[in-house]
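Enquirer: Protein sequences appear in the order of chains A and B.
Okay, so the first sequence: first residue is 71 according to my numbering, each after it adds one.
Okay, so the second sequence: first residue is 5 according to my numbering, each after it adds one.
These are calculated hints, taken from the structure and not from any lab test.
Note that CB positions come from ideal geometry on N, CA and C, so glycine has one too.
Don't take each hint at face value.
[Unchecked claim] Here are the computed distance ranges between Cβ atoms for each label pair:
| no. | chain 1 | residue 1 | chain 2 | residue 2 | range |
| --- | --- | --- | --- | --- | --- |
| 1 | A | 73 | B | 20 | 38 to 48 Å |
| 2 | A | 175 | B | 255 | 27 to 37 Å |
| 3 | A | 227 | B | 64 | 28 to 38 Å |
| 4 | B | 121 | A | 286 | 45 to 55 Å |
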Amino acid sequence: MRRTLTSLGTVCGVAVFVFVMLRALPGNQIIAGFGTEAAALTPAQRTALEAYYGLDKPLIVQFFTWIGGVVTGNLGYSASANHSVLELTAHSLPVTLELALISIVIAFLIGVPLGMFSASKPDSIRDATGQVIGLAGLSIPSFLLATALLSWLSSSLGFNPNGAGYATLTENPELNLKQMLLPALVLGFGIAAPIMRTTRTAVLDVRSLDFVRTARAKGVPPRRLQFVHVLGNALLPIITMTGLQFGYLLGGAVVVEQIFSLPGIGRQVLIGIQHKEYAVVQSTVLVIAVLFVIVNLVTDLLYRMIDPRVRAE
Amino acid sequence: MTAIMTPTATADSTVLRRLLLIFRSRSGLIGTILVGLLLLFSLASAFGLLPYDPIAQNPAVRLRAPSGGHLFGTDQFGRDVFSRVMSGTASSMLIAVVAVGFATLVGTLSGVTAGFFRGPSDGAISGVANVLFAFPPLLLALSLASVFARNWFTIAIAIAVVYVPIFIRVTRGPVLALREMDYVRAATSIGQRPSAIMFRHVLPNIAPIIIVQVTLSLSWAVLTEASLSFLGLGAPPPTASLGSMVYEARALVTVAPWTMVAPGAIVVLLVVGLNLLGDGLRDVFDPRNRGNQ
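Please construct the entire structure, taking both the sequences and the accompanying hints into account.
Expert: Written as structure tokens, this is what we have:
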């Protein structure tokens, strides 16, 4: 309950921060929107435009007008896309969610076994192999991996499913999954690294506990010991890390979305920035941050549900 | 960093002695060498010791493969890739160091204040940290970078804002525990000023945590800077930046792969080096971890 209230407070803080960041800075959206032509505006035209967009009102009034709109589903309008931000988000959010979900599954499937493999014999060749793969995942920037992969595959194998327009999952499931494959692999590889490291540490920690020794002593088969006793208890930090990474993907996928031309929510922010449509950027960033807070809250609650020790506190 | 460690001579020397142990850990040693080499690279570039002008175009030698004259070849404008990579490394490092330096200063001071004084200041500082944590890091840096006039300093500040809450979080917890220690209570009871206690008794004890965090944050800052410049939100052209070099090379990769391989490899080496250095430092300072490694 208290955790939920803190999250609510954070969301309010996020709204204020986003507003201050994009609205209260010197210069305003009119000038930004007109670009170099802004200089040609007469003072009277400028005042009229400011009155039209409500920019002549005090900042606090502007803030509450904006928030009032957001709460009732009015996230603003994108002139370049000719759609409301709500419509844009309704199309872009599922793309990012699908991408994030596939990436997380890939990362989990690589990271957890690799972490267990590393932990199975610390300081061995096995461990070193796992650690080197983990380090590569942490250190190779996603833009590099994505660009290299895309240019190589499209030039040598002619494989470029993302070249044509984006196909949604319902329109053309096969093409959609093909389009998701490379970006999800790139993101999954990067996220597998922190999951791998967390798994390794957690498994090593749990394995040194007394109950594992007891279980081994009373003759629990090694495989069962490894998967049920050790992994079962090591799963908590792994789940926390996975939840955190899933949240990061909501905005962090922007680079990969851009490279593979996936019309996700990160790309929506980027396009807003390129067109200097700050209303779009502002509302979209707010949506992402609120989702991020919700994902973290859910991870936290999940953690409490699984772990009796935390629940007791 | 030295400023943080200097207050007490004894704490200072133990931290330094510990730091020397870095050379005994394999990852620490490799990390030190990699980062040291790239730092030399950057310094050479900062002092203008480059084989060619990184932004000078020379159409006569377009897209030349690596050779003795052009170590990493040339790009589509005939610019020397080696010189561009060197100057890009220097600007990456400068931005990362300024960003992390700013984040360390602001984050550590806020975190220590929050943990040490508790009460309303803690509420306010932790609240701000929670708000900043509510944004996916790259998105926050991206949005901030987009509102400023773009130059290396504003990009450094945009990246710094992302890392401030991390330093608040890693320092606040340990300080909360430290303030209950007997020697801190003793210092309070003999009437030392809170600021003196903070700087003499609390900060030196969390120096190891800060050093490790600084190193790891540097590696993320380098990645963030490269990603921003890849997306066209870095320092404006024709300034050489590792991220924008990879971006420009994407159409050339089949005819002139070196234009992508060189900047890409340097980013990876820099980040690998910083990560290894961070891991090595953690091994050195955290005895609990040392057992596992």
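Enquirer: If a hint holds in the structure, say so; if it doesn't, say that too.
Expert: Each hint, compared with the structure:
1. A:73 - B:20: 38 to 48 Å: The hinted range 38 to 48 Å holds for residue 73 (chain A) and residue 20 (chain B), with Cβ atoms some 42 Å apart.
2. A:175 - B:255: 27 to 37 Å: 33 Å, holds
3. A:227 - B:64: 28 to 38 Å: Given about 35 Å between the Cβ atoms, the range holds.
4. B:121 - A:286: 45 to 55 Å: Cβ of residue 121 (chain B) to Cβ of residue 286 (chain A): about 48 Å, so the range 45 to 55 Å holds.
Of the numbered hints given earlier, the model fails none.
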